[in-house]
Structures are given as structure tokens and as C-alpha cells.
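Visitor: For reference, the chains in residue letters:
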Amino acid sequence: MTRLWSAGRLTYAALVLTALASIFPIYWMFVVASRTSDAMGEVPPPVTPGGNLGANISRLFANTDAHFLTGLVNSTIVAVSVTVSVVFFSTLAGFAFAKLRFRGRNALLMVIIATMMVPTQLGVIPLYMLMTKLNWNDRLPAVIVPALVTGFGVFMMRQYAGQAVSTELIEAARIDGCSTARIYWNVVLPALRPAAAVLGLLTFMTTWNDFLWPYAVLNDPENPTVQLSLRALSDGYYQDMSQVFTGTAIATLPLLLVFIVFGRQIIGGIMEGAVKA
Amino acid sequence: MAVQLDARPPVAPTPRHTRPTRGIRLTRFDTRYSPYLYIAPFFLLFAVFGIYPLAYTFWVSLHDWDLLGIEPTFIGAQNYTQLMADPDFWHSVVNTLGIFVISTVPQLLLALWLANLLNRRLRARTGWRMAVLIPNVTSTAAVAIVFGVLFGREFGMINWLLDLVGIDAIDWKANRFASWVAISTMVDWRWTGYNALIFLAAMQAIPRDLYESASIDGAGRSRQFWSITVPLLKPTIIFAVIISTIGGLQLFTEPRLFNSGTNAIRGGPLRESQTVTMYMFENAFAPHYNFGYGSAIAWLLFALIAVVAAINVLVLRRLGGGGRKEGSR
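Which chain is which? The protein sequence lines are A and B, in order. Following our numbering, the numbering of the first sequence begins with 2 at its first residue and continues without gaps. Following our numbering, the numbering of the second sequence begins with 75 at its first residue and continues without gaps.
Simulated from the structure, these hints should not be mistaken for lab results. Where a beta carbon is used, it is the ideal one built from N, C-alpha and C, also for glycine. Where hints are given, some of them may not hold.
To be verified - Which residues of chain A face chain B? A few of them, derived with a C-beta cut under 10 Å, are:
| # | residue |
| --- | --- |
| 1 | Ala15 |
| 2 | Glu43 |
| 3 | Phe62 |
| 4 | Ser91 |
| 5 | Leu128 |
| 6 | Ser180 |
| 7 | Trp186 |
| 8 | Val188 |
| 9 | Leu190 |
To be verified - Per the computed footprint, the stretches of chain B lying under chain A, defined by three or more beta-carbons under 8 Å from a beta-carbon of chain A, are:
| # | segment |
| --- | --- |
| 10 | 202-214 |
| 11 | 303-310 |
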């Protein structure tokens, strides 16, 4: 590491500017959220927080177009169930691909990698028709079920399981008479925990952010996800910007908290995935 | 993507000396079939909710098919011929490609530069990395709304800043090219840091002694960057370009929420910033519910993605001279 170039003043200056550009729109979102709607017309634009956040929040939750509370609850239900399921099925499949021997293993893994390149988003129309058939339109299963396991998750867990799970331990457990399911639960899952946590965080954030598919299939304005509540706020005939921004700030807050607490792990996960992929 | 695949043959059949007991038979069943059970959920789900809808889109695109779907009429390629002559479709294609080019090129260059900065001995390393990644973890919809306001004509902060340096207010939503720039800014804000971390990870895998011998040979920093770092990063760059192409050409949330009100799905009154995916939505869902026509748009977009991705890869391969082969890293 000592041979890395040391960072000069210019490097730090450039990084400070980049960091400012990264953080400013988020910071400013909270500034506007804490002010009255007059703030939008002020010159120069205000850049410090005001004292109106509480009032904005209560107006936001009282807004009859946005159904913001329902949106928050729905997004929590969707994101949590998808996260738990993705982590479970991905660790299971990743373990199978990394540590179990079976016919067609490599070919099937290739298929999984290929699926990550397929723009399945372009299938929304038949997917919508399918949901109509299942009578899932406007209901949460429509956004939960298709997302229950991802190719990305399986691949990530497979890469990690290859190095983190000890083959000797698995064989020892097998000699002791453990079934494969028990091995998964007692040997593999504990060893995969760090990577599974990162996968869980990434999945939670992606699901929380998802817009296109919920927008297509959840058409009942009274039963939105939080991102759809934001759309309702933003498309409203009368735009009260401090209220809209309070909505965007609250919708972003869980993601920011997750990131601030687990940022190091998330970055590690993204960078490790990049080298191996 | 250099995937290390383990080429061990499948388990050899164990010779049967004695009649297996019930327990052994169970175990044999377990070791042979449970792997398939474990990987089945993905394949099942992908088949039902991924590949089947995508393939079925093609079937739908050959029909006159509306919301009710009662007796869809087979009309062959009629949706496609109609699309070929549809100026609004081509308009959205140009928008999509325009936004794609002016967002992706600066984004990847900036990401390379940023990765190069981050690949130095820094104090508070994790802090800087978090700072560049934070845009990527925020809600896309929220960011689109915020940028929509930042790029407002009258009270937007961008116009205020431009005014300070003597540039007249720009109508970011009504001017087609300006709206591309605004949307590209959003996309770049979100993805530059992410790509920088991907590049940084690849840079860290480059052996240090390459740089050492280069500097003994008298190569300066920028020479080292272009002659060592960039060529060795080529597989990662190609990967990033493919991912950006697939995502960028399907751009939807940012332009959709950059616009607001009743015309939002049209990308403004004159479709200034309507992307192909938005045009697909406009036709396939409310108010038209023309599934057949929307599906034809989806398939043409699919073809467009494939063509653009292929062109990008070919161009990038050629750019680097194609000399260095990267098998394993």
C-alpha cells in the first residue's frame, strides 16, 4: 500500500468538490422540507434549514391524494418480504452452485449470468396481463412475487460461498449424517452471513426505490408504494413544494440511515462483486 | 466477466455392494436431487415472471390486442409497419439515444477520473467512498423530483447560478436539448460514483510493480494512466458500458418524474423528453391500453439495445488496439 501515490492538495480539492456535488441535492431536499412553500421563490435560494418541518410532515400525512402513510407501510412490507426471500433463496442457490456437485451445474450458472443481461423490464405488458389473470392488479403480491429471487443475488452468493464456506466442514458434517438442508442451515448460512447482509441491504434499497413496475401495476391511488405517493405529490394540480420535498426526504431517509450505518459493508460488497464479476 | 468455473465432473455413481438401507437411500436421494431443489426457485420465477412475459410480448405484438383481450386479432407485422411510420416513436428514439450519449460518455470518463483520485493514499478513505456513492442509494423518484425543481425555469437554482455568471435563464423543460442535458445530469449524478467504485476495485487489482517499472522507464503519471491503467481496465470498462447501455436505453423514472402534471408520460407537451419506454407506457397503459402496439415498441427497443450494445463493444475493443488479452485477473 505504501507505493500508492500520495494524495496532494489538488486531489483533496477535487474530492471535496465531488462530495459537495453528491451531497448537496440531498441536503437541499431537507432544507426545502423544513421551510414554508415561500422558500421556493426566494432569491438567493435558501441553503439553511428552517423551522417548518413538523407542520410540513403533518400536512403531508393529511394529504388525501398522496396516501403517504399507506405508501410507507406498503413499501416496508414489500421491501422487507422481498429482502428476506431474496437472501434466503440466493444463499440456498449460491451454496448449491459453489459447493454441491450436480449435472449441468456450469451450464445452469451460465444461464443465470446471462439472465442478468436480459432487459426483462420490456416484458411489462404480458406481466401486467398475467397479474390481471391472477387478480393481483393493485395488490402487493404483484410487486412482491416476481422479485422473490434474483440472478444477481444467486451469482453474488455463489461467488462468496466459493471462498467463505469450508468444504472440509461440509464433508465432516455429511459424514456425521447431516442432510444437505441441515448443512445449509448450520454450516453454510452462518459462514455466508456478511455477504448475505450486503445482499440484503442492496436488495432492500433497490426494492424500496423501484418505480416502473409498481407504477404499471398498482393503479389504485389509495394503495400506493411510497414512490408512487411521491409521483402523486409531484403530479398534483397544485404543487406545494415544501410538502413534496418533505415527502421525498421521508422516502429517502430509510435509505440514508441504512447507508450511514452500513456504508462500509455496502461499498465492500459492490467493490468485491466488481472484481469477481 | 471472467467467471471462475469449477470443472469438476458430476459425482460418480457409487458402486453398490450391499442392498442400501432406507437411510442410505434417503441420503443418496438427498445428495443427488437437493441441489436442483435449491436452484429451482430462481429458474421457476425467472421463467414465469421474466422470460415468459418477454417472449410473449412478441406474440402480443403481432395482434390487435386491447385491454379486455377478447378475441385479439392476428395482424402480422402491421404494428411494426405502423411504428416505422410513426413520427412520435422515432422522436422518442432520438430522445433516448441523445440522453444516452450525453449521459454515458461524460459519466464513464468522470468515473475513471474519480476512481484514479480515489486510488491514492487518502485520509478517511471510507468517508470519500461513501460520499461518491451516496447519490446511488437515494430514491430515484425523489431525486428526479428534486432535480426537476433545481432545473426550474423561474426559481430553479441552476438558472440562478447561470444568471450569476451572466447566462440567460434556460427553459430546461420546454427546450428539447436542454431537457436532455437536465435528465443526463440526474443520471450522471446517480451513477458516476457507483461506476467509479467499480473502476477503483479493478484498479486495485493491477499489480503495483507495473507502475514501478513504468516510472523507472520515465513514464509520468498521466502516461501511466493511459498506458497501463486504462488498457488493463478494458474488460471492466466494457462491462460498465454494456450495463449502462441496457439501463440507459430503458430510461424511464428520471424523465417521467422530471415532468409533472397531465402530460408527464408524454415527456412534456411536445414530447421534449419522452423516452422509448415512456412511449411504450403511453400506448400500452392508460389511456390507450393498446397492448399490441406497446409490445411492438418493446421489441424494437429490445433490438435497439442489442444493436447499440454490440456497436459499443466493437468500438471499445478496437479503441484499445485489442492487443491485450485478459484471461484471469
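Visitor: Please name the hints from earlier in the document that this structure breaks, with their numbers sorted from lowest to highest.
Guide: The structure conflicts with hints 3, 7, 8, 9, 11, although it agrees with all the remaining ones.
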